[in-house]
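Student: Each chain, written out:
Number of protein chains: 2
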Amino acid sequence: MARVGLTTDRLVRAGAELADEVGFEQVTVSALARRFDVKVASLYSHVKNSQDLKTRLALLALEELAVQAADAVAGRSGKEALAALGNVYRDYAHEHPGRYAAAQLRLDPEAAAASAGRRHSQMTRAILRGYDLPEPDQTHAVRLLGSVFHGYITLEMGGGFSHSAPDTQETWDRTLDALDALLRNWPTP
Amino acid sequence: MARVGLTTDRLVRAGAELADEVGFEQVTVSALARRFDVKVASLYSHVKNSQDLKTRLALLALEELAVQAADAVAGRSGKEALAALGNVYRDYAHEHPGRYAAAQLRLDPEAAAASAGRRHSQMTRAILRGYDLPEPDQTHAVRLLGSVFHGYITLEMGGGFSHSAPDTQETWDRTLDALDALLRNWPTP
DNA sequence: GTAATTTGCCTAAAGCTTGTAGGCAAATCA
DNA sequence: TGATTTGCCTACAAGCTTTAGGCAAATTAC
Chain A
1 MARVGLTTDR LVRAGAELAD EVGFEQVTVS ALARRFDVKV ASLYSHVKNS QDLKTRLALL
61 ALEELAVQAA DAVAGRSGKE ALAALGNVYR DYAHEHPGRY AAAQLRLDPE AAAASAGRRH
121 SQMTRAILRG YDLPEPDQTH AVRLLGSVFH GYITLEMGGG FSHSAPDTQE TWDRTLDALD
181 ALLRNWPTP
Chain B
1 MARVGLTTDR LVRAGAELAD EVGFEQVTVS ALARRFDVKV ASLYSHVKNS QDLKTRLALL
61 ALEELAVQAA DAVAGRSGKE ALAALGNVYR DYAHEHPGRY AAAQLRLDPE AAAASAGRRH
121 SQMTRAILRG YDLPEPDQTH AVRLLGSVFH GYITLEMGGG FSHSAPDTQE TWDRTLDALD
181 ALLRNWPTP
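Just so you know, the sequences run in chain order A and B. Position 174, counted from 1, in the first sequence is what UniProt numbering calls 174; the numbers after and before it change by one each time, with no gaps. Position 90, counted from 1, in the second sequence is what UniProt numbering calls 90; the numbers after and before it change by one each time, with no gaps.
The set of hints was computed from the structure by calculation and includes no laboratory data. Careful: at least some of the hints might be erroneous.
[As the list claims (entries may be wrong)] Stretch by stretch, here's where chain B covers chain A in the computed footprint (C-beta under 8 Å, at least three residues): (1) 70-78; (2) 146-152; (3) 155-162; (4) 172-184.
[Unchecked claim] Calculated cross-link-like contacts (lysine-lysine; reagent style DSS-like; alpha-carbon spacing at most 30 Å): (5) LYS54(B) with LYS39(B); (6) LYS39(A) with LYS54(A); (7) LYS79(B) with LYS54(A); (8) LYS79(A) with LYS79(B).
[Stated by the list, open to error] Quick partial rundown of chain B residues pointing at chain A, CB under 8 Å, derived from the structure: (9) THR154; (10) PHE161; (11) ASP167; (12) THR171; (13) ALA178; (14) ALA181; (15) ASN185.
All values reported here derive from a predicted model rather than from experimental measurement. Glycine included, every Cβ here is placed at the ideal spot set by N, Cα and C.
When you get a sec, could you build the whole thing from the sequences and use the hints?
Tutor: Here it is, written out as structure tokens:
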């Protein structure tokens with residue numbers, strides 16, 4: 001019996017490809033075994049269970065996103081930085097829909113702590129330096145930006161904006177304009 | 001063999017309760033049969049298949065949400081209307097997490113057309129009457145509001161805002177303030 | 001009120017998924 | 001070359017989905 005050379009890492013990377021091809025929901029231990037032409041039980045030496053596999057996919061996606069986000073934000077500020085960060089998320093979701101879905105998986109506290117999650121919020125916080133918001137408004141703004149980016153991408157990819165003009169790219173551009181304007185004129189009650 | 005009196009409607013309503021209790025993902029034909037103390041195959045006379053059941057749950061949730069939204073918006077305008085609409089979505093998600101998740105199900109075109117989806121976007125559009133935006137900005141704003149509401153609720157419920165002060169109610173209030181300010185000073189390039 | 005028809009829930013069975021236990025052979029190490 | 005570790009295997013149990021066909025309860029007709 002020839003050995004295929006399975007490793008946790010190869011499984012996770014193949015799982016990510018599979019997710020992008022057929023959707024995160026369809027990533028199963030069975031499907032992954034099929035892809036390596038190997039029996040299902042063989043995977044359980046490398047991955048604890050289905051949940052473990054999905055968590056690893058989420059961590060991979062969060063990590064990839066954090067790297068790209070850091071690169072995009074570096075050396076930019078103000079609206080340029082804002083747009084760069086938003087585009088990273090949106091482009092990643094379009095290019096890797098399965099991975100992006102994986103990144104939304106609800107992680108248990110330990111996994112969340114070990115994830116790139118904190119780097120993401122700090123990236124957003126870094127952008128806000130250009131807008132000079134005092135605390136706690138800065139935290140509110142971080143959450144608002146996260147909401148808009150994530151909500152927009154989810155609705156756009158879910159077809160929520162289909163069936164109506166104008167096209168979504170224009171709305172995205174105007175959304176970034178709107179966020180920039182909002183941050184520059186942040187309301188203080 | 002006593003008959004339980006299954007109907008499609010009772011199944012869907014029970015499915016909605018089940019979804020709120022254990023999560024939309026855990027709503028299965030099996031679990032529903034168990035809840036009625038009936039054999040699994042019996043459900044297939046009332047529901048085409050698992051997908052059909054989930055679609056019906058989504059339509060129920062969209063309908064309930066549309067009714068509540070219409071009621072909340074009626075007789076209000078401006079920021080009051082904006083907050084009322086946002087609160088309907090957010091409160092519904094907190095009270096009926098499973099149903100809210102169901103409402104996010106991607107529907108096939110026919111189901112989408114028969115859904116309350118259009119009423120939702122028209123409700124948002126109605127709110128914008130108080131802000132006097134010209135087309136196509138109005139459409140952009142509809143999409144932006146949808147993104148913020150949906151994104152915020154998803155992140156809040158997914159625990160994305162946990163582990164950090166201040167509390168989410170405050171951020172929500174400030175988010176509504178920010179959206180109101182943004183719509184009153186909508187940037188035109 | 002009884003007979004005929006419809007309808008509701010049943011048993012049975014196949015196929016797919018997750019997960020565990022134990023085994024044999026290939027790779028690695030002494 | 002022999003001993004040990006490791007990788008993928010077979011076998012099996014249990015849960016979910018879906019279809020086919022059957023019997024009995026409810027409904028309708030006479």
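Student: Is it true that the CA of LYS39(A) sits at most 30 Å from the CA of LYS54(A)?
Tutor: 19 Å, holds
Student: Regarding the pair LYS79(B) and LYS54(A), is the alpha-carbon distance no greater than 30 Å?
Tutor: 41 Å, violated
Student: Using 8 Å as the Cβ threshold, decide whether ASP167(B) counts as touching chain A.
Tutor: 10 Å, violated
Student: Confirm or reject the coverage of the region 146-152 of chain A by chain B under the rule of 3 or more residues with a beta carbon closer than 8 Å to the chain's beta carbons.
Tutor: That given contact holds, which follows from 7 residues of the region 146-152 of chain A lying within Cβ reach (below 8 Å) of chain B.
Student: When the nearest CB of chain A is found for THR154(B), is that gap smaller than 8 Å?
Tutor: 6 Å, holds
Student: So, as I understand it, the hint says THR171(B) touches chain A; can you test that by seeing if any CB pair is closer than 8 Å?
Tutor: Holds - the Cβ of THR171(B) comes within 8 Å of chain A, reaching about 5 Å at its closest.
Student: Hey, does the ASN185(B) contact hint survive, CB to chain A under 8 Å?
Tutor: With a closest approach of 6 Å, the ASN185(B) hint holds.
Student: Assess, step by step, whether the Cα of LYS54(B) is no farther than 30 Å from the Cα of LYS39(B), and give holds or violated.
Tutor: 19 Å, holds
Student: Given ALA178(B) as an interface hint, is the shortest Cβ-Cβ distance to chain A below 8 Å?
Tutor: 6 Å, holds
Student: Using the nearest Cβ pair, does ALA181(B) come within less than 8 Å of chain A?
Tutor: 4 Å, holds
Student: Mind checking, does the region 70-78 of chain A have 3 or more residues with a CB under 8 Å from chain B?
Tutor: Answer violated; 0 residues pass the 8 Å Cβ test.
Student: Holds or violated: LYS79(A) and LYS79(B), Cα atoms, limit 30 Å.
Tutor: 27 Å, holds
Hints 1, 7 and 11, counting from the list given before, are not met by this structure.
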